[in-house]
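Visitor: The primary structure of each chain is shown beneath.
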Amino acid sequence: MITTETSGGGAVELLVGGAWLAVCDPARLAPGRGVAALLPDGRQAALFRDRAGRLYAIDNRDPFTGAQVLSRGLTGSAAGRPFVASPLLKQRFDLVSGRCLDDEEVAVAVYPVRSPA
Amino acid sequence: MPHDAETPHAAVLPRAAERPQPTVLPHDAETPQAAALSQRPGSRRSGPDDRPALVLVGHGMVGQRFLEALAEQGVTGRTRITVLGEEPRPAYDRVRLSSYFDGRTPDDLSVTAPDFLARHGIEAHFGDPVEAVDRTARTVTTRSGLTLPYDTLVLATGSYPFVPPVPGRDAEGCFVYRTIEDLLAIEAYAKGAGTGAVVGGGLLGLEAAGALRGLGLATHVVEFAPRLMPVQVDEGGGAALLRTVESMGLTVHTGTGTAAVRTGDDGRVTGMELSDGSEIATDLVVFSAGVRPRDALARDCGLAVGERGGIAVDEHCRTSDPAVYAIGECALAADGRVYGLVAPGYEMALTAAESIGAGAGEPPGTAAGRTFTGADTSTKLKLLGVDVASFGDAHGTAAGCLDVVYADSRAGVYKKLVMDADGVLLGGVLVGDAEAYGMLRPLTGSRPPVAPEQLVLPAGAGAPAALGPAALPDSAVVCSCHNVTKGAIVACASLPEVKKCTKAGTGCGGCVTVIRQLLPPPGESGLCGCFPHSRQELYEIVRTLRLDSYAELLDAHGRAEARGGEGCEVCKPVVASVLASLEGAYPLDGERAALQDTNDHFLANLQRNGSYSVVPRVPGGEITPDRLIVIGEVARDFGLYTKITGGQRIDLFGARVDQLPAIWARLVDAGFESGHAYGKALRTVKSCVGQTWCRYGVQDSVRMAIDLELRYRGLRAPHKLKSAVSGCTRECAEAQSKDFGVIATANGWNLHVGGNGGATPRHADLLARDLSDAELVRLIDRFLMFYVRTADRLERTAAWLERLEGGLEHLRDVVVHDSLGLCAELEAQMAAHVAGYRDEWAATLEDPERLARFVSFVNAPGTPDPSVRFVPERDQLKPDLAVLAIGPAPAGRTYEGVNTP
Chain A
0 MITTETSGGG AVELLVGGAW LAVCDPARLA PGRGVAALLP DGRQAALFRD
50 RAGRLYAIDN RDPFTGAQVL SRGLTGSAAG RPFVASPLLK QRFDLVSGRC
100 LDDEEVAVAV YPVRSPA
Chain B
0 MPHDAETPHA AVLPRAAERP QPTVLPHDAE TPQAAALSQR PGSRRSGPDD
50 RPALVLVGHG MVGQRFLEAL AEQGVTGRTR ITVLGEEPRP AYDRVRLSSY
100 FDGRTPDDLS VTAPDFLARH GIEAHFGDPV EAVDRTARTV TTRSGLTLPY
150 DTLVLATGSY PFVPPVPGRD AEGCFVYRTI EDLLAIEAYA KGAGTGAVVG
200 GGLLGLEAAG ALRGLGLATH VVEFAPRLMP VQVDEGGGAA LLRTVESMGL
250 TVHTGTGTAA VRTGDDGRVT GMELSDGSEI ATDLVVFSAG VRPRDALARD
300 CGLAVGERGG IAVDEHCRTS DPAVYAIGEC ALAADGRVYG LVAPGYEMAL
350 TAAESIGAGA GEPPGTAAGR TFTGADTSTK LKLLGVDVAS FGDAHGTAAG
400 CLDVVYADSR AGVYKKLVMD ADGVLLGGVL VGDAEAYGML RPLTGSRPPV
450 APEQLVLPAG AGAPAALGPA ALPDSAVVCS CHNVTKGAIV ACASLPEVKK
500 CTKAGTGCGG CVTVIRQLLP PPGESGLCGC FPHSRQELYE IVRTLRLDSY
550 AELLDAHGRA EARGGEGCEV CKPVVASVLA SLEGAYPLDG ERAALQDTND
600 HFLANLQRNG SYSVVPRVPG GEITPDRLIV IGEVARDFGL YTKITGGQRI
650 DLFGARVDQL PAIWARLVDA GFESGHAYGK ALRTVKSCVG QTWCRYGVQD
700 SVRMAIDLEL RYRGLRAPHK LKSAVSGCTR ECAEAQSKDF GVIATANGWN
750 LHVGGNGGAT PRHADLLARD LSDAELVRLI DRFLMFYVRT ADRLERTAAW
800 LERLEGGLEH LRDVVVHDSL GLCAELEAQM AAHVAGYRDE WAATLEDPER
850 LARFVSFVNA PGTPDPSVRF VPERDQLKPD LAVLAIGPAP AGRTYEGVNT
900 P
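Protein sequence lines, in the order shown, are assigned to chains A and B. Under numbering that gives the first Met the number 0, the first sequence has 8 at position 9, and the numbering climbs by one with no breaks. Under numbering that gives the first Met the number 0, the second sequence has 553 at position 554, and the numbering climbs by one with no breaks.
Just so you know, the hints here were simulated from the structure itself, not pulled from any lab data. Certain hints may be false.
[Claimed, not checked] Computed cross-link-like contacts, DSS-like style, restricted to lysine-lysine with a CA-CA straight-line distance of at most 30 Å:
{"no.": "1", "chain 1": "B", "residue 1": "Lys642", "chain 2": "B", "residue 2": "Lys719"}
{"no.": "2", "chain 1": "B", "residue 1": "Lys642", "chain 2": "A", "residue 2": "Lys89"}
{"no.": "3", "chain 1": "A", "residue 1": "Lys89", "chain 2": "B", "residue 2": "Lys502"}
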């Protein structure tokens, strides 16, 4: 079951189906290391935080293999844009647009994400 | 004499249109600004520009370096700077004047960036030499009558060619060789000439001779000393040089002076009479018999000068008047010497600039920091196409010093090293082949890591592989002109960057070969988009600067466009591995945890459906029945697929990330530890059953395999490491297909390295034979650490050994004969690794914070990932790929849709 505990001060929230869903305490997001969140409709989201504290959320499913692993990829930035590299076959996905940087035809969903002020 | 005839009052400025203020001043009338300043010297701090005024007299290489140093110090902004030059053009490369004949134009020789002066607001007047200094009023006056006030005056007037007082020396057809204008005059005159003679067989004389030869003249060289280049080379070197120079068609007269220059009725040169009574018919004469400091300005205004010339300065390059500095060839340094080389000149330029920068607003004498108290006069030149180098105590003047000489008269090669009785390199002379200069000069003052004869023998003549620049310590000065160390050079990505950031290679250029070897090969753009360095370079940067943070490394050493960014998936694991190799322990927490591939992060191997596999270590492939049973029970209880690996152990597949801690808890309880199947680390040391059971075995291969596996377990490397130990020559463990393979002999062990199976099989090379147990371990320690230090990202030992310059022989020199003096360090590093080893699984299980990452979902810690499913196959299970292909939810939303909440 989905249970989100926070240490007070509010949780990181995803906009899913028109409502903000509390996901985790901000402290669970280490810069450069993603986490996966289970969404009410069964999909999964991959959440990331960068060095500057900005949050990103994309779908967790790697479209090339079908595996739910994007949250376990390493992040980076190229030309100022943040990306995650799939841990399986290393394709990169833009964290803002969800576009695959190695294949124009492919993209993953992105989720609006916010953290407590 | 051309040099005495002043150049016309033409002011040539680069890109005059871009300059912020008019700087080309008419010489027949003062500008209003200059006139006002010259009339009211006492009020120079008031008015529109009340910054202190600095006047630089002379714009040669040293003058320009001084201006650059001022800019680097930030002095240019807060000081009004004016440079007054006698020559009609900004500073150019006087050292390479003769390269004009290689097709260079005067502009190509420039060392002044086109917009440098304008960018820093430096006012410049060329073709207008300073004729007087008034130290009381603190003004200078130029030939055109321009008078400028100064708060600080810097004299960089250089030197003038010495012309021996021989009759006829002023005749038409007599020249000196110092400036571009001299060169152009010689070129013009040579059009109607067939023969030329150079007075002086030193460094400058041979340069001039090269110029005459380049103009197509039959060329004579007259040298008073008994050999060519008497200052730089010894008798043997002079002889080698003579043969080569003569073989080029030049006529050399040594041991004789010039008695007179003969002229014809028209007053033009027709020949020379030598002091030995002989005569040379020649159409022109170039005097190139040394230089003298240009100290006339200083003398005239009462500054202290040396007995034999040169403006006396202290260690901050200040003259007897603290408001006046002197730098370069015009200065008599604090050690009582006048330096005629560009490198010491640059040192003085930096010293003066630092003193001026630091002393701004402070009373004189408070400037600390850089001082100039003498310099290395090492030189490497290509004269007439012949390499000539001398460094350190080239003439062996130190008491008790010894020579190591290699001479090949046929090839015109002469090399001499001067060593002291303890083997410390003191200096040397190289003629005909100065390739080793770049290596030898930085080693001066130390004991070279190889025998001295190996440093002078040509490659292939019984000498082991050449000592590469990689062997130099980071503190070694590679560019002596600009005093740049190896450490500063390897921090750059390319030769242009080296030249821009450190100025190395922009002086005499003698170090460029070494710099190239220190940099990644051209075309290779570095590790990734974040770093222009190879893995080895990053390793050296991290090691020498003792960095322990990826962000710090990226922000300080990454490509400009990558600094401050997030890095990337290529370099993060590399840096994590480098940090791990240097610290002897594997980083699992904090920033480091975020650098590692998911495999290292979860200490397991990610498989295609998002599940992981787990491999416990089975050292040497030896396992007890009880432990076998534990593995079986764990696999059964967690529903894992089991397979025997090629490395004599058992792989357990199909674990969800949230199951990993429970699986390890069972395995660790039973005495297992991580097998590092997930890491770029030692995997296994296979073994045959060996002497204990096998009727052919000659050593206990299993025991050795276990010892080795336990010693090197957890060692982070550029790529995975595999090993094997065979108990006899039948080689059942296939040790020769491993990164390091050990084969038993009747007398001990043979060590093979650089083997590989897989897609590009390579038979390992025999590194050493019949080693004792201790010798074997010590050699493997060294081999592995040398590999860890120098290999590129994802470069197995096989590819590394293929790439290594000098190949197996070089490797043997380094790890067996300790040619680089590295072995103690390598062994110490391995000892630190062995001492610091901890099982990563056990360490993770002990730490609740580390365990927290082992959940499928951050917001549903107890929920298993529904996408990780299995279906049966051959009495075990396999990933259910159908569930992955379908995907969990309709793909009704696109990224465009959700981006606008």
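Visitor: So, for every hint listed, does it hold in this structure?
Guide: Each hint tested on the structure:
A distance of roughly 20 Å separates the Cα atoms of lysine 642 of chain B and lysine 719 of chain B; the hinted pair therefore holds under the 30 Å criterion. Between lysine 642 of chain B and lysine 89 of chain A the alpha-carbon distance is near 26 Å, which keeps this suggested pair within the 30 Å criterion. For the given pair, lysine 89 of chain A sits about 40 Å from lysine 502 of chain B by alpha-carbon distance, which is inconsistent with the 30 Å threshold.
The structure fails hint 3 only (numbered hints given earlier).
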